[in-house]
Amino acid sequence: MQTHDDGQFEAYLKRFHPIATEPIPTPSVGHSSRRSLSLGTWLAAVASVLVTGAVILHIRSNRVVVSKTASDLAFAERHAPSEPLTMRSANAWLATAPSFKAAVDDLAFRSQTSPLPQGKQSAVAVLSKGKIGL
Amino acid sequence: MGRTDRNTAEIDALYRQHGAALLLFASAISGDRGRAQDAVHQVFLKAIENGSVSEAVNKRAYLFACVRNALLNEVKLQDRNMPLDIDSAWFSPPDRDYAGEKNLRRALGDLPHDQREVIVLHVWGELTFSEIGDLSGVSSNTAASRYRYALAKLRGSMLAKENSCADSR
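Protein sequence lines correspond, in order, to chains A and B. FYI, in our numbering the residues of the first sequence are 1400 to 1533. FYI, in our numbering the residues of the second sequence are 258 to 426.
Quick caveat, the hints were computed from the structure, so don't treat them as lab data. Think of the CB as a built atom: it goes at the ideal place given N, C-alpha and C, for glycine as much as any other residue. Be aware that one or more of the hints could be misleading.
Heads up, incomplete: computed chain B residues facing chain A, CB under 10 Å, no partners named [as the list claims (entries may be wrong)]:
1) G276
2) A277
3) L279
4) L281
5) V297
6) I305
7) P350
8) D352
9) E358
10) A409
11) L411
Using the sequences and the accompanying hints, generate a full structural model.
In structure tokens:
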């Protein structure tokens, strides 16, 4: 190391060159917009999959209800008792009905389908006509 | 060629010309090579964005001031007394003198912050004492005397290390 005076020492120091810098990163406006576009595409795809799934589930659950209701009605039509309703027949009917709703629906069928003997009235009809004070 | 293209070309030329010295200066201030590199990039990217360098009369001194401000603003928020990262090389050594490079780095790291700053700015940044004074907020005389004192200290430190290595052989 030549260091007899300041000038020589300075010259010695200047022989050491600072290490070069890395290149300036290119301002990446295009890159960031591409990235946000890609993110948006992914979000849209995920959202559309979720919506499609929800719609399919909704349709399926509605189908089950409709088919169940239809089967209940079919059951009620098939098994509607022909004799007047008693506690015993109602219990038997409830025991064999696929659901409580099917049993109740059958009552409606019964009232329309079972003709009453001549000179007799339906108690339900009489009660519905009168004013009942509660 | 548009104004933006001219500005970018000018910035590119300035980066190629002064980038290495600015990085050394930033490393000497921040003590961290990665942070120094980020600060230099940040200054040049801002210069490309707003074209501020074109308006500067002394572009080289302006760039050193920008790097210094960027780092000091950041360091203020963090640790001012962080140790220098002297494990990574700062210089390309002449004649593969890696021991000399390490010795120089160590000796620079041992200097007080303001002395290290003035040495780097004058030797490798090639700023005058007047420019260094403007940048550091001191008179040119103070900058010059600080430099002479720092240079003597640096030389003593490097010689002492060389002699101790020679004695141990």
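Here's how the hints hold up against the structure:
1. Annotation: G276 of chain B was flagged as interfacial toward chain A, and the flag holds, the nearest CB pair being 4 Å apart, inside 10 Å.
2. Nearest Cβ of chain A to the Cβ of A277 of chain B: about 4 Å, under the 10 Å cut. The hint holds.
3. The interface hint given for L279 of chain B is met, as the beta carbon of that residue sits about 7 Å from the closest beta carbon of chain A, less than 10 Å.
4. Satisfaction of the interface hint for L281 of chain B is found here, the shortest Cβ-Cβ separation to chain A being roughly 4 Å, below the 10 Å cut-off.
5. For V297 of chain B, the interface hint holds, since its Cβ comes within 10 Å of a Cβ in chain A; the closest pair sits about 6 Å apart.
6. This hint holds: I305 of chain B has a C-beta 7 Å from the nearest C-beta of chain A, less than the 10 Å allowed.
7. Residue-level restraint check for P350 of chain B holds (minimum Cβ-Cβ distance to chain A is 6 Å; threshold 10 Å).
8. Here the hint on D352 of chain B is kept, as its CB sits about 8 Å from the closest CB of chain A, short of 10 Å.
9. For E358 of chain B, the suggested interface contact is upheld, since its CB lies about 6 Å from the closest CB of chain A, less than 10 Å.
10. Hint status for A409 of chain B: holds, given a least beta-carbon distance of 8 Å to chain A, under 10 Å.
11. Against a cut-off of 10 Å between C-beta atoms, the interface hint on L411 of chain B holds, since the closest Cβ of chain A lies about 8 Å away.
This entry satisfies every hint, going by the numbered hints stated previously.
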